[in-house]
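Heads up: the protein sequence lines correspond to chains V and B, in order. Counting from 1, position 86 in the first sequence corresponds to residue 88 in my numbering; the numbering is continuous, with no gaps. Counting from 1, position 89 in the second sequence corresponds to residue 233 in my numbering; the numbering is continuous, with no gaps.
Just so you know, these hints were derived from the structure itself, not from any lab. The structure presented is a predicted model; accordingly, all values stated were derived computationally and were not measured. Every residue gets a Cβ at the ideal spot worked out from N, C-alpha and C, and that includes glycine. A hint or two may mislead.
[Claimed, not checked] Okay, derived cross-link-like pairs now, PhoX-like style, lysine-lysine, Cα gap no bigger than 20 Å in a straight line:
#1 V:K59 with V:K69
#2 V:K5 with B:K201
#3 V:K42 with B:K215
#4 V:K43 with B:K153
#5 B:K201 with B:K227
#6 V:K5 with V:K59
#7 B:K201 with B:K215
#8 B:K158 with B:K227
#9 B:K214 with B:K201
[Unchecked claim] Just some of the chain V residues that point at chain B, by a computed CB distance under 7 Å:
#10 K43
#11 A44
#12 S53
#13 F106
#14 G107
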Amino acid sequence: EDKVVQSPLSLVVHEGDTVTLNCSYEVTNFRSLLWYKQEKKAPTFLFMLTSSGIEKKSGRLSSILDKKELFSILNITATQTGDSAVYLCAVSHAGGTSYGKLTFGQGTILTVHP
Amino acid sequence: DGGITQSPKYLFRKEGQNVTLSCEQNLNHDAMYWYRQDPGQGLRLIYYSQIVNDFQKGDIAEGYSVSREKKESFPLTVTSAQKNPTAFYLCASSSDRGYEQYFGPGTRLTVT
């Protein structure tokens, strides 16, 4: 059975802290790994990772994928209260009728206090 | 403005009634998806469609039905056979299979 596991499930930090969110996966026919941020309603896309060891960066957020050890991390430096959200990790499948299907992890709830 | 719209935002129904949730996109995307989100469980895939007039069951399709008669529209019907329908429902689309999915604002369904 395909599985995506995120840790920690929740995290409380203060503004300025750096956080690392983890995502491990066991899926058949891996294509890519995606990170989303969900504040109130619709998840918004952050990163898509397909190659191992290549860091993707966007401002204070960065992410990297390790396809040998089957995990990814999402780093947020100098956190702000606006970073408070649920961060979702998802794996996209390759091959056959499952191509493009996403399997999500449970999410990590990040709370940043002023 | 391009995007995905879902309606209504909130929906209340009595047990035993079927209900249809709307999802429309004007992004010209081929693929569309329906997810259910419960607290502490992330998103689970209900149904997806990669092309008009074709769709596949996701991981939790029992008690749900869909249609894809137009590229822009992918309505989801929650039937009375769905044992625990109260949840937050999200629709998504992508330009091609395997690319990032863009999400609508969601519909929160409460069945009592």
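Cross-check of the supplied hints:
Distance hint between K59 (chain V) and K69 (chain V) is fulfilled; the C-alpha atoms sit about 18 Å from each other, no more than 20 Å. Proposed proximity of K5 (chain V) and K201 (chain B) is supported: the alpha carbons are some 18 Å apart, at most 20 Å. Under the criterion of a C-alpha separation no larger than 20 Å, the hint pairing K42 (chain V) with K215 (chain B) is inconsistent with the structure, at around 27 Å. This hinted pair checks out: K43 (chain V) and K153 (chain B) have alpha carbons roughly 10 Å apart, not beyond 20 Å.
The hinted pair formed by K201 (chain B) and K227 (chain B) meets the criterion: a straight-line CA distance of about 17 Å does not exceed 20 Å. Between K5 (chain V) and K59 (chain V) the CA atoms are separated by roughly 26 Å; this puts the pair beyond 20 Å, and the hint is violated. Between K201 (chain B) and K215 (chain B) the alpha-carbon distance is near 18 Å, which keeps this suggested pair within the 20 Å criterion. Taken as a hint, the K158 (chain B) and K227 (chain B) pair is honoured in the structure, with Cα atoms around 13 Å apart against an allowance of 20 Å.
Using a Cα cut-off of 20 Å, the hinted pair K214 (chain B) and K201 (chain B) holds, with the two alpha carbons roughly 18 Å apart. Restraint check, K43 (chain V) versus chain B: the minimum CB separation of about 5 Å is within 7 Å; hint holds. Hint on A44 (chain V) holds. Least Cβ distance to chain B is approximately 4 Å, under the 7 Å limit. The interface hint given for S53 (chain V) is violated, since its Cβ lies 14 Å from the closest Cβ of chain B, which is over the 7 Å cut-off.
Evaluation of the F106 (chain V) hint against chain B yields a held restraint, the C-beta minimum of about 4 Å falling below 7 Å. Of the supplied interface hints, the one on G107 (chain V) holds, with its beta-carbon coming within about 5 Å of a beta-carbon of chain B, less than 7 Å.
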